[in-house]
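Go ahead and model the full structure; you've got the sequences and the hints to work with.
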Amino acid sequence: TIAYGENMLTLAVAGNKQSLSSLSKHQLPSEFNLEINLDTLMCSAGDQYGLILWNNSQAGTFRLWLDCDGRIKLDRVLPTGVSQLVKWQTGRRLQPGSPANHRLVISAKDGMLEVYVAETLQFAYELHASPEGVLGVIAQTGGKLPMTIRVSDLQVTVP
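The sequence shown begins at 26 in the working numbering and counts up by one.
Among the clues, some could well be false.
Per label pair, the in silico range of CB-to-CB distance [said to hold, decoys possible]: (1) Thr105 <-> Leu48: 16 to 26 Å; (2) Leu34 <-> Val183: 14 to 24 Å; (3) Asn126 <-> Ser46: 30 to 40 Å; (4) Asn41 <-> Leu146: 31 to 41 Å; (5) Arg118 <-> Met33: 20 to 30 Å; (6) Tyr29 <-> Gln52: 13 to 23 Å; (7) Met67 <-> His153: 34 to 44 Å; (8) Leu146 <-> Asn126: 29 to 39 Å.
EDC-like mimics (lysine to aspartate or glutamate), calculated; alpha carbons at most 20 Å apart, straight line [as the list claims (entries may be wrong)]: (9) Lys134 <-> Glu151; (10) Lys134 <-> Glu157; (11) Lys112 <-> Asp94; (12) Lys98 <-> Glu144; (13) Lys134 <-> Glu60; (14) Lys50 <-> Glu157; (15) Lys112 <-> Glu139; (16) Lys98 <-> Asp64; (17) Lys169 <-> Asp94; (18) Lys98 <-> Glu31; (19) Lys50 <-> Glu60; (20) Lys42 <-> Asp94; (21) Lys134 <-> Glu144; (22) Lys134 <-> Glu56; (23) Lys50 <-> Asp178; (24) Lys50 <-> Glu31; (25) Lys98 <-> Glu60; (26) Lys112 <-> Glu151; (27) Lys112 <-> Asp100; (28) Lys134 <-> Asp100; (29) Lys98 <-> Glu151.
Note that these hints are calculated values from the structure, not bench results. For every residue, glycine included, the Cβ atom is placed at its ideal position computed from N, Cα and C.
In structure tokens form, the structure reads like this:
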């Protein structure tokens, strides 16, 4: 279930390894600064949630994943499959479990994608293209239990 509120979006995903995504009207250029709250209201070990960056761009769809175990990764979806760009790593200042509140800052500039959680750099990834595409959110359960995340306070600026 997806529920919309003022400056907020809630994704409630049924258990049994289900997934849910929502694409916004925000078109991300190749260079941007994005700030957003990603909060877990209910989650279990193995559940994952995150952002879709540059959906269906010429360079593929980039997905930033966080999980309820306190880890973070970056992958890219191409017609030929999914490739991991940054493997799962323990997030610095990333709260495992729920409830948890995370303020993310993502900066794409000068061919680099930098990801921050709670003002702490998680990783930087060198982009080999200048993708442009739609922003979205995604969530998927890792087991039988449901999960709920809230997305709020989105701010996108172009340098």
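| field | Violated constraints from the hint list, given by number and in increasing order | value | When the structure is compared with the hints, numbers 3, 8 and 18 turn out to be violated.
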